[in-house]
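Start from chain S and add chains L and F according to the hints.
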Amino acid sequence: MRIFDRLEALTPPGISPRRLLGMLAAGAALSVVRSFEFLIKLYDALRTVFDYHPQTGEPIIIEGRRMPMFWALAEQSFIGFAIAAAVALAFIGYYYASYRMGSRSIYLMRRLPHPWEMHKRALTLPVMGALAMLLLGALTVLVYLGIYMLVTPEAVLTAGAMEQLKEIV
Amino acid sequence: MLKIENLNKIYLCKKALSDVNLTFTRGEIVGLFGENGAGKTTLMKCILGLHGYTGQITLDGEPITRKNIDRISFATSEHSFFPNLTPWDHRCFYKEHFPHFSDKRFEGLMRFFGLPMRFKPLRSFSTGQKNQFEVILALCQGADYILMDEPFAGNDLFNREDFYKVLLGILEPGETVILSTHLIEEVSGFIGRAVMIHEGKIVGDVTADELDESGKSLVAYVKETYGYRSDRVSRALDDIVGEDGE
Amino acid sequence: MINFDALIIEDGIPIYLQIVRHIKRGIVSGVVKDRDELPSRRVLSAFLGVNPNTIQKAYRILEDEALIESHSGAKSYMSLDGARIAAVRDELVEADAKSSVEALKQMGVTKEQAIALIEKYWEE
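Residue numbers (my numbering), protein chains in the order written: chain S, 1 to 169; chain L, 1001 to 1246; chain F, 2001 to 2124.
Bound-form chain S, shown alone (with noise of 0.2 Å):
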């Protein structure tokens, strides 16, 4: 468990990292989870543009229908990353806090040689970890951007939006 062993000299001393590591895992899958929820609203506005073929059963456009634009879709779909980025955020609170658990380790932490010790444990994994569900958030709206792109046809888009979209890719 060498790694985990490296991630424990960034925890305070005591704290296990298992608790964090855990909340960004199951915060990590629900959110991508959450975020189906889009797969299934682009489905439901595909159907709404098209209708089909009496006889041959081929997707037709309806005339006049507007496909909604790719933010108006997604609504609340992504949150579930920033929810659990702000969890990880939180952990900070209870880091430092831990200096003042049980004992008084913050006169140890304060009065350390290497200043940044302290902070070091309390900050730097749960603002990794924060930014590692930003990051994971990003990808999945990229991912999804480019379904959404794949299967729009431009006729049904509002004029200029495809390539709006095509300026964030």
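Mixed in with the good hints, there may be bad ones.
The calculated BS3-like cross-link candidates involving lysine-lysine, where the alpha carbons are at most 30 Å apart (straight line), are [what the hints assert, rightly or not]: (1) L:Lys1216 / F:Lys2033; (2) L:Lys1003 / F:Lys2057; (3) F:Lys2024 / F:Lys2075; (4) S:Lys166 / S:Lys41; (5) L:Lys1104 / L:Lys1165; (6) F:Lys2111 / F:Lys2098; (7) S:Lys120 / L:Lys1067; (8) S:Lys120 / L:Lys1095; (9) L:Lys1223 / L:Lys1201; (10) F:Lys2024 / F:Lys2098; (11) L:Lys1165 / F:Lys2057; (12) L:Lys1223 / L:Lys1015; (13) L:Lys1104 / F:Lys2024; (14) F:Lys2057 / L:Lys1223; (15) L:Lys1201 / L:Lys1003; (16) L:Lys1201 / L:Lys1014; (17) F:Lys2105 / F:Lys2024; (18) F:Lys2120 / F:Lys2098; (19) F:Lys2057 / F:Lys2111; (20) F:Lys2098 / F:Lys2057; (21) L:Lys1216 / F:Lys2105; (22) L:Lys1165 / F:Lys2024; (23) F:Lys2057 / F:Lys2075; (24) L:Lys1015 / L:Lys1201; (25) L:Lys1014 / L:Lys1223; (26) L:Lys1003 / L:Lys1120; (27) L:Lys1216 / F:Lys2098; (28) F:Lys2033 / L:Lys1165; (29) L:Lys1095 / L:Lys1165; (30) L:Lys1003 / L:Lys1015; (31) S:Lys120 / L:Lys1120; (32) L:Lys1223 / L:Lys1003; (33) F:Lys2120 / F:Lys2105; (34) F:Lys2024 / L:Lys1216; (35) L:Lys1067 / L:Lys1104; (36) L:Lys1165 / F:Lys2098.
The hints are simulated quantities; they were obtained by calculation from the structure and are not laboratory data. For clarity, every value in this text was computed on a predicted model and none was experimentally measured.
Only chains L and F this time, still in chain S's reference frame:
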């Protein structure tokens, strides 16, 4: 030399320390006496930089910063160890942060007090054991000035006496101990100097030599310094009994 | 090695004097002999739970009285001969007699009564 000059500390609009001037030299064993709230703890925390203050505290002429802070160690009755770590883990942590940490002394003291080195986290120790371990860490950090704030609250007498003896046996001539305690009688032979603090002011500072010459015992000196009125108890009793009796 | 097991520190008397007295009593009773080794200052300090300066002070007094010999950094030894032992004995006897007389005086005992008391208990 640890020098404190014109130290003032205001705490919640109250003067916690006023015009403290003290000098501690290498090898001294100093008792710091005073009632609860007199400023013993505050003084130590100022030295360690855990409190802000006005005035000057210097270590061999240098202000106390991250560069020389490892020359001062601190054992407190509030405990500054990590409750979830074992003694062994503490040793690793201290060795990483304090280059002069004494392994030999650590092992010797752990064995002397019969404390378990591995597998048991500090939080499962008894209060007495916790105190012992807190003091062991302060002694093993490799500091020249060892500050101890009421370190034996909750240890029995035999335990404390053992500690004084061990301490005298292991201390190097250059190591200074500053011990704040209210167990004046108990440490009177152990210390070489007594400093008294009252309402944030230094009200007495005397060496064992001076006491020997004056023929006074430490307890007598302390009572005198504080203006302790020996008739207080009998007068109070008179008042109580007088009122009740009639 | 001189034994300090029997030395129990009392209140009220400077500790260094108690250490000096313990050794002197040992000399008079014959327990402490010429060339006996004294514990190092640190060891005795730890054994008694007494500040090393106090031990140092006691040893210095004994050195000044030429009862012990220490060479810098080395061990300390008793340095006794007949004359020194006799001198220590006289000193202790005198001190004890003096304090007994003082105690008796304090209780209002007259000189004659004191002599009578001594004679009575001398025989027992």
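Hints and how they fare:
Between Lys1216 of chain L and Lys2033 of chain F, the direct Cα distance comes to roughly 33 Å. Violation of the 30 Å bound is thereby established for this hinted pair. Distance hint between Lys1003 of chain L and Lys2057 of chain F is fulfilled; the C-alpha atoms sit about 27 Å from each other, no more than 30 Å. For the given pair, Lys2024 of chain F sits about 19 Å from Lys2075 of chain F by alpha-carbon distance, which is consistent with the 30 Å threshold. Annotation: proposed proximity of Lys166 of chain S to Lys41 of chain S holds, straight-line Cα distance about 21 Å (limit 30 Å).
With a CA separation close to 18 Å, the supplied pair Lys1104 of chain L and Lys1165 of chain L stays within the 30 Å bound. Distance check on the hinted pair: Lys2111 of chain F and Lys2098 of chain F sit about 13 Å apart at the alpha-carbon level, within 30 Å; holds. Taking the CA atoms of Lys120 of chain S and Lys1067 of chain L, the gap is near 19 Å; set against the 30 Å cutoff, the hint holds. At roughly 18 Å between alpha-carbon atoms, Lys120 of chain S and Lys1095 of chain L fall within 30 Å of each other, so this suggested pair holds.
Our distance criterion of 30 Å between C-alpha atoms is met by Lys1223 of chain L and Lys1201 of chain L, whose separation comes to about 16 Å. The hinted pair formed by Lys2024 of chain F and Lys2098 of chain F meets the criterion: a straight-line CA distance of about 17 Å does not exceed 30 Å. Restraint check for Lys1165 of chain L and Lys2057 of chain F: satisfied, since their Cα atoms lie roughly 18 Å apart, inside the 30 Å limit. Proposed proximity of Lys1223 of chain L and Lys1015 of chain L is supported: the alpha carbons are some 24 Å apart, at most 30 Å.
A threshold of 30 Å between alpha carbons decides the hint, and for Lys1104 of chain L with Lys2024 of chain F the separation of about 38 Å lies outside it, so the pair is violated. Among the hinted pairs, Lys2057 of chain F with Lys1223 of chain L is consistent with the structure: their alpha-carbon atoms are about 26 Å apart, no more than 30 Å. Note on Lys1201 of chain L and Lys1003 of chain L: the hinted pairing holds, with a Cα-Cα distance of about 16 Å set against a maximum of 30 Å. Distance check on the hinted pair: Lys1201 of chain L and Lys1014 of chain L sit about 13 Å apart at the alpha-carbon level, within 30 Å; holds.
The straight-line distance between the Cα atoms of Lys2105 of chain F and Lys2024 of chain F is roughly 27 Å, inside the 30 Å bound, and the hint therefore holds. Taking the CA atoms of Lys2120 of chain F and Lys2098 of chain F, the gap is near 19 Å; set against the 30 Å cutoff, the hint holds. With a C-alpha separation of about 38 Å, the suggested pairing of Lys2057 of chain F with Lys2111 of chain F is violated against the 30 Å cut-off. Among the hinted pairs, Lys2098 of chain F with Lys2057 of chain F is consistent with the structure: their alpha-carbon atoms are about 25 Å apart, no more than 30 Å.
With a C-alpha separation of about 24 Å, the suggested pair Lys1216 of chain L and Lys2105 of chain F falls inside the 30 Å cut-off, and the hint holds. For a cut-off of 30 Å, the pair hint linking Lys1165 of chain L to Lys2024 of chain F stands: about 24 Å separates their Cα positions. Of the supplied pair hints, the one linking Lys2057 of chain F and Lys2075 of chain F holds, its CA atoms being roughly 16 Å apart against a limit of 30 Å. Distance restraint check for Lys1015 of chain L and Lys1201 of chain L: the Cα-Cα separation of roughly 10 Å lies within the 30 Å cut-off, and the hinted pair is therefore satisfied.
Of the pairs offered as hints, the one joining Lys1014 of chain L and Lys1223 of chain L holds, with about 25 Å between alpha carbons and a cut-off of 30 Å not exceeded. Pair hint Lys1003 of chain L plus Lys1120 of chain L does not hold up; C-alpha atoms about 40 Å apart against a cutoff of 30 Å. At roughly 22 Å between alpha-carbon atoms, Lys1216 of chain L and Lys2098 of chain F fall within 30 Å of each other, so this suggested pair holds. For the given pair, Lys2033 of chain F sits about 27 Å from Lys1165 of chain L by alpha-carbon distance, which is consistent with the 30 Å threshold.
Between the alpha carbons of Lys1095 of chain L and Lys1165 of chain L the distance comes to roughly 26 Å, so the proposed pair stays at or under 30 Å and holds. Simply put, Lys1003 of chain L and Lys1015 of chain L have alpha-carbon atoms about 21 Å apart, close enough for the 30 Å limit, and the pair holds. For the proposed pair Lys120 of chain S and Lys1120 of chain L, the alpha carbon gap of about 26 Å is at most 30 Å, so the pair holds. Of the supplied pair hints, the one linking Lys1223 of chain L and Lys1003 of chain L holds, its CA atoms being roughly 27 Å apart against a limit of 30 Å.
Between Lys2120 of chain F and Lys2105 of chain F the alpha-carbon distance is near 18 Å, which keeps this suggested pair within the 30 Å criterion. Distance hint between Lys2024 of chain F and Lys1216 of chain L is fulfilled; the C-alpha atoms sit about 24 Å from each other, no more than 30 Å. With a CA separation close to 25 Å, the supplied pair Lys1067 of chain L and Lys1104 of chain L stays within the 30 Å bound. For a cut-off of 30 Å, the pair hint linking Lys1165 of chain L to Lys2098 of chain F is broken: about 35 Å separates their Cα positions.
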